[in-house]
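**Student:** Use the sequences and the hints to build the structure in full.
Chain order of the listed sequences is A and B. Sequential numbering from 1 applies to the first sequence in full-length UniProt numbering. Sequential numbering from 1 applies to the second sequence in full-length UniProt numbering.
Hints listed in this document are in silico derivations from the structure and should not be mistaken for laboratory results. Where is the CB? At the ideal position from N, CA and C, for every residue including glycine.
Covered stretches of chain B, going by a simulated chain A footprint (3 or more residues, C-beta under 8 angstroms):
id	segment
1	117–127
2	141–153
3	185–195
Straight-line distance between alpha carbons at most 25 angstroms, and here's what the computed SDA-like set of lysine to any residue pairs gives:
id	chain 1	residue 1	chain 2	residue 2
4	B	67	B	168
5	A	171	B	84
6	B	173	A	107
7	B	171	A	105
8	B	223	B	74
9	A	268	A	294
10	B	111	A	183
11	B	309	B	179
12	A	223	B	105
13	A	171	B	107
14	B	111	A	182
15	A	111	B	110
16	A	171	B	111
17	A	111	B	217
18	B	173	A	113
19	A	171	B	106
20	B	268	B	206
21	B	111	A	42
22	A	173	B	108
23	A	171	B	108
24	B	171	A	110
25	B	111	A	105
26	B	173	A	110
27	A	223	A	172
28	A	173	A	261
29	B	223	A	102
30	A	173	B	107
31	B	111	A	186
32	A	171	A	185
33	B	111	A	185
34	B	173	A	112
35	B	67	B	128
36	A	171	A	228
37	A	309	A	326
38	B	171	A	82
39	A	171	B	109
40	A	173	B	109
There are 2 protein chains.
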Amino acid sequence: MSQYASRIAGSLSSPHKLRLPGLSGLAGRARTPRRVAMLSVHTSPLHQPGTGDAGGMNVYIVELARKLAAIGVEVEIFTRATTGTLPPAVELAPGVLVRHVDAGPYEGLAKEELPAQLCAFTHGVMRAWAGHRPGYYDLVHSHYWLSGHVGWLAAERWGVPLVHAMHTMAKVKNAALAAGDTPEPAARVIGETQIVRAADRLIANTAEEADELVRFYEAERRKVAVVHPGVNLDRFRPADGRAAARARLGLPADAFIPLFAGRIQPLKAPDILLHAAARLLDADPALRRRMLVPVVGGPSGSGLAKPEKLQKLAARLGIADVVRFHPPVDQDRLADWFRA
Amino acid sequence: MSQYASRIAGSLSSPHKLRLPGLSGLAGRARTPRRVAMLSVHTSPLHQPGTGDAGGMNVYIVELARKLAAIGVEVEIFTRATTGTLPPAVELAPGVLVRHVDAGPYEGLAKEELPAQLCAFTHGVMRAWAGHRPGYYDLVHSHYWLSGHVGWLAAERWGVPLVHAMHTMAKVKNAALAAGDTPEPAARVIGETQIVRAADRLIANTAEEADELVRFYEAERRKVAVVHPGVNLDRFRPADGRAAARARLGLPADAFIPLFAGRIQPLKAPDILLHAAARLLDADPALRRRMLVPVVGGPSGSGLAKPEKLQKLAARLGIADVVRFHPPVDQDRLADWFRA
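**Tutor:** Spelled out as structure tokens, the structure:
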């Protein structure tokens, strides 16, 4: 993630990179930002990743914010309040503040209903901003298209650049739709197209994602920056090794353990692992004695419609005895699963 | 409609009426507004009422804007551009400007997908406003909940009061849902609730609608102003009388003509007229010779799913021979239908 932080900072300290059409008035102000307004409308960085709408993006935002703070860039993350007991602001780490914005009811609002709450969310962001001195935020960084629409208004209002990360793209998802998955709605495709036009900088995780932005959304190539997501090497490291991790997790020392970790939804295709495991067992029945297939994560998104689908698949494939379903775990525990 | 105009002006010239919490800073500025930003996101005042999403609200907005302009209040109506050939601004009448805002594709965007376009629409409104001197608009008047959300942001941004008219309310519609009609979505209920809280003044058409605002949406009674919609008496008047109108419309001079005029959707219940006509014919078969039931208007909204439903009902009731379907007509022609 530190590569990301330095690239972002780098982009901004070389003003020509962000001097895009319509932003010429900002040229003189370009500099390393001191304070970033980060937008994460539909999922909170305080949520446990691995279930519901919280996953890799939450980890990404938290780690990025920490690293930015570590190099002296303050970050405020705006997210939608989903319970009434949340304080308006929570310090996630030194220099990283999470602001809870009231926009719609705390419970019972599906992700599909969030577009109708974007004005309310923007209103909450503006209210937080109104309490500050002019020029408080130097940059808006939005994640996922819902946040992008709020970021579009906020960046224009504040006269600062909009940096956007799609995380996933509707057209790309729809072009490779998993069997039984629901296509992403037109509203999202349209929304993403507008953000591609409005953003000053688009962050792609890979060169392929950059190509997809250009091919599917007609992004201007010069707006797209490829920044590979990092891994927190303080956490995800060999540490005391496989044997110790297996002991901690109560796993047999000599087992063959292919793992799925992530939210259970068709897009992430945990079924492929189950099919592979079934084929392995067909090819070598002796393997059954020592194979274990942990699935670590909760149901999510379109997977929520049939949360028991994967269990049923395991039964149908005749491998229910080797598959173990585990609820989502925190990052330290997840590192142990990877070690094991 | 002139009653409306003078009431609005009256409300604003007595500042205590609009000095609501959070607006105390406006107290000294309260006055008859010189320029109103009117918001009509999902339907254009330039559209022919009687089909699709254009109906009574379009007539209401056009007539209100004209009357406000006639008493010296300039009106700018912001609506979503639905074809690429529209000029950015069109003068509807002296003092009434219609501004077309680009927000989403021109065609193929359903009303249900518009919530995702509210940030884009707000962006377009802000862009139009940015070209003006500060304090250009003195008041925001939004119509229907989609516009209300844009109005919420615009009014706060400009520091002016928000006047909102619901036109219809989801909770009220859902409480008296016509058979076979689809309930209004939760997103709309939530959106309306937020506008009730955010608006400085809510315009109800009737005392009953005012009660509904209080009962269903917990509106503060003092915020609600009842202003009965007017009728354009220059247009809807006896003129040269029934016989002349019938001659112009090609209707028999001595016929009995119960009329339905409006968009064909379950909520407006044109089926009741057909059932009533069938009963009349049952009771007095001789009536068949001289009865004619015109249905003037196009299919709309939830009626669009089954546009031929009313034709089928007429056939099933055995009165297809007396029912005549006519496409929507302009206001002058509509007055002739009423005369006839």
